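One line per chain: the protein sequences are A and B, in this order. Numbering of the first sequence is given in my numbering, commencing with residue 1 and proceeding in unit increments. Numbering of the second sequence is given in my numbering, commencing with residue 259 and proceeding in unit increments.
Calculated from the structure, these hints are not laboratory results. None of these values were measured; they are calculated from a predicted model. Mixed in with the good hints there might be a few duds.
Below 16 Å or equal to it, Euclidean Cα-Cα: the simulated EDC-like pairs (lysine to aspartate or glutamate) are [as the list claims (entries may be wrong)]:
no., chain 1, residue 1, chain 2, residue 2
1, B, Lys-273, A, Asp-125
2, B, Lys-309, A, Glu-51
3, A, Lys-127, A, Glu-194
4, B, Lys-527, B, Glu-489
5, B, Lys-273, B, Asp-512
6, A, Lys-67, A, Glu-51
Listed here are the chains, written in short residue letters.
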Amino acid sequence: MQDWQANFARALLDRELPPPPGVSAPNSTGAPERFGVYRNNRMVSLLGALEARFPAARKIVGTEFFKAAARQFIAAHPPRSPIMIFYGDAFPEFLESFKPAQGVPYLADAARLEAARARAYHAADAKPLCREALAAVPGEALADMCFTLHPSIEILSSPHPIVTIFAMNTGTMDLAPIVDWHGEHALILRPEYEVEIRRISAGQAAFLRSLAKKNPLGEAISAALAAEANFDPANSIALLFSRLAIAMVRNGAGGVPA
Amino acid sequence: MPSGQLPLRAGAGFKPEHFAAISAARQPAGFFEVHAENYMGAGGAPHSQLKFIRENYPLSLHGVGLNIGSCEPLDRAHLARLKDLCGRYQPESCSEHLAWSSSGGIYFNDLLPLPYTEATLRCVVAHVDEAQNGLRRRLLIENPAAYLRFEESTIPETEFLEAVARATGCGLLLDINNVFVSARNHAASPQAYLDSFPLHLVGEIHLAGHFAAEADGGALCVDAHGSPVIEAVLALFDRVIARTGPLPALVEWDNDLPQWPVLLAEVNKVQERLCRAAASHKDAAAA
Numbered sequence: 001m002q003d004w005q006a007n008f009a010r011a012l013l014d015r016e017l018p019p020p021p022g023v024s025a026p027n028s029t030g031a032p033e034r035f036g037v038y039r040n041n042r043m044v045s046l047l048g049a050l051e052a053r054f055p056a057a058r059k060i061v062g063t064e065f066f067k068a069a070a071r072q073f074i075a076a077h078p079p080r081s082p083i084m085i086f087y088g089d090a091f092p093e094f095l096e097s098f099k100p101a102q103g104v105p106y107l108a109d110a111a112r113l114e115a116a117r118a119r120a121y122h123a124a125d126a127k128p129l130c131r132e133a134l135a136a137v138p139g140e141a142l143a144d145m146c147f148t149l150h151p152s153i154e155i156l157s158s159p160h161p162i163v164t165i166f167a168m169n170t171g172t173m174d175l176a177p178i179v180d181w182h183g184e185h186a187l188i189l190r191p192e193y194e195v196e197i198r199r200i201s202a203g204q205a206a207f208l209r210s211l212a213k214k215n216p217l218g219e220a221i222s223a224a225l226a227a228e229a230n231f232d233p234a235n236s237i238a239l240l241f242s243r244l245a246i247a248m249v250r251n252g253a254g255g256v257p258a
Numbered sequence: 259m260p261s262g263q264l265p266l267r268a269g270a271g272f273k274p275e276h277f278a279a280i281s282a283a284r285q286p287a288g289f290f291e292v293h294a295e296n297y298m299g300a301g302g303a304p305h306s307q308l309k310f311i312r313e314n315y316p317l318s319l320h321g322v323g324l325n326i327g328s329c330e331p332l333d334r335a336h337l338a339r340l341k342d343l344c345g346r347y348q349p350e351s352c353s354e355h356l357a358w359s360s361s362g363g364i365y366f367n368d369l370l371p372l373p374y375t376e377a378t379l380r381c382v383v384a385h386v387d388e389a390q391n392g393l394r395r396r397l398l399i400e401n402p403a404a405y406l407r408f409e410e411s412t413i414p415e416t417e418f419l420e421a422v423a424r425a426t427g428c429g430l431l432l433d434i435n436n437v438f439v440s441a442r443n444h445a446a447s448p449q450a451y452l453d454s455f456p457l458h459l460v461g462e463i464h465l466a467g468h469f470a471a472e473a474d475g476g477a478l479c480v481d482a483h484g485s486p487v488i489e490a491v492l493a494l495f496d497r498v499i500a501r502t503g504p505l506p507a508l509v510e511w512d513n514d515l516p517q518w519p520v521l522l523a524e525v526n527k528v529q530e531r532l533c534r535a536a537a538s539h540k541d542a543a544a545a
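I would like the entire structure built from these sequences, with the hints used as guidance.
Now the structure itself:
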């Protein structure tokens with residue numbers, strides 16, 4: 001790499017450094033101020049990208065706290081790709097270990113939900129199977145069927161009421177004290193263009209996780225029942241065929257579905 | 259190399275926030291331009307919206323991440339993504355910047371300056387060659403907005419751009435707001451810059467708003483794309499199109515977005531100026 005570029009890049013990343021040698025601006029109070037425009041452009045644009053992707057996390061801790069955390073994240077995890085729509089995938093992990101946020105234990109999971117939401121927004125398009133596809137499967141074969149879930153689907157299980165917290169901090173639910181504090185499972189899904197975030201039961205979460213691993217339906221139902229005694233397979237199978245699965249194949253008949 | 263043509267009309271930078279308004283009725287915009295990197299996800303609303311734009315308007319794909327002005331090798335994976343996007347949407351125009359945005363594996367999300375020397379000219383020429391060969395199409399390369407200059411520069415920017423175009427066959431994208439901002443930031447004359455600009459190579463013009471910062475006693479202009487195009491920039495635009503005749507001219511508005519009708523009014527203002535330039539060109543030709 002050429003010196004001019006290495007020096008410029010280094011000074012952009014480290015605010016303690018003076019501007020790189022060999023740059024100037026006439027009629028200026030000095031290169032530091034002008035170089036500051038580049039530093040500022042970069043920081044403002046990266047903060048803006050994180051604020052746009054993590055509005056609930058920002059609401060939870062407030063703008064100033066959020067920006068302070070985001071600045072440290074940017075220093076530790078600068079973008080590695082020019083595709084900024086995915087910048088911040090590592091932000092939830094960062095928040096998890098961010099000491100000043102330890103008093104807000106649900107912050108990282110709120111950010112995980114938001115990170116998944118952006119991934120779902122940009123995920124590949126795919127058409128779900130339909131209810132008729134269910135009718136076409138012979139009854140004795142149903143338990144052997146393996147599925148490909150919609151590419152937008154992610155499941156997030158949290159020890160905190162994360163779907164409720166997310167809804168309250170993005171304006172879809174009024175902010176209110178959460179009296180009955182318990183864990184929630186979230187299904188993140190983008191059937192067409194709108195991302196949906198649904199609260200699902202422990203059984204449904206186990207069911208979908210098992211299917212995502214290409215286990216046959218029968219096994220997924222057992223996993224769901226192990227996680228939740230009241231799990232209702234009929235409901236989840238109907239949802240699977242109408243919205244969640246995009247392909248299926250019988251176990252052992254030609255390997256995993258495409 | 260195949261190279262479509264944008265119409266010689268005023269266009270707008272497309273923002274998803276305006277999609278509902280734009281898709282509700284035919285808009286009097288000559289073309290739309292998008293930032294290529296915003297459409298490098300796999301699917302969803304961005305691609306569905308871009309498909310609609312593509313099917314209904316001429317399209318310009320404007321990249322911000324190819325790192326043309328860097329001394330480091332081009333990112334082949336990024337070039338491949340840009341090629342996929344060009345293949346999928348067949349834009350009438352594809353453009354990039356005389357700037358760098360990545361170094362040492364880090365992406366800076368900004369258009370950064372380079373010194374203009376024989377050495378950097380060789381880098382830029384090699385990058386534009388590689389990009390045009392990879393994309394199998396002609397690129398337009400845009401003049402940057404600058405806040406600093408490199409003392410080691412030996413080639414004036416306009417000559418540098420002309421040399422890149424001569425060596426690679428690329429066209430140029432003339433951003434008149436960038437001309438104004440850079441000239442103001444270096445106590446230079448934007449008119450003198452435009453007088454030395456190879457206007458015959460210009461395939462598109464950019465117009466945008468900027469703000470004059472308090473710093474440097476108000477002498478610092480920041481290319482912010484968050485306000486209307488100022489009158490002084492429009493006056494420079496008039497002088498350019500009086501010489502060249504009408505050109506595709508884009509109004510960029512990327513921050514503090516207004517409602518669509520406000521942006522459209524800006525586009526219409528630019529269109530009126532293009533019409534006046536076309537009329538006076540016709541008069542001049544007839545005389």
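Taking the hints in turn, this is what the structure says about them:
no.	hint	verdict
1	Lys-273/B - Asp-125/A	21 Å, violated
2	Lys-309/B - Glu-51/A	28 Å, violated
3	Lys-127/A - Glu-194/A	14 Å, holds
4	Lys-527/B - Glu-489/B	11 Å, holds
5	Lys-273/B - Asp-512/B	8 Å, holds
6	Lys-67/A - Glu-51/A	8 Å, holds
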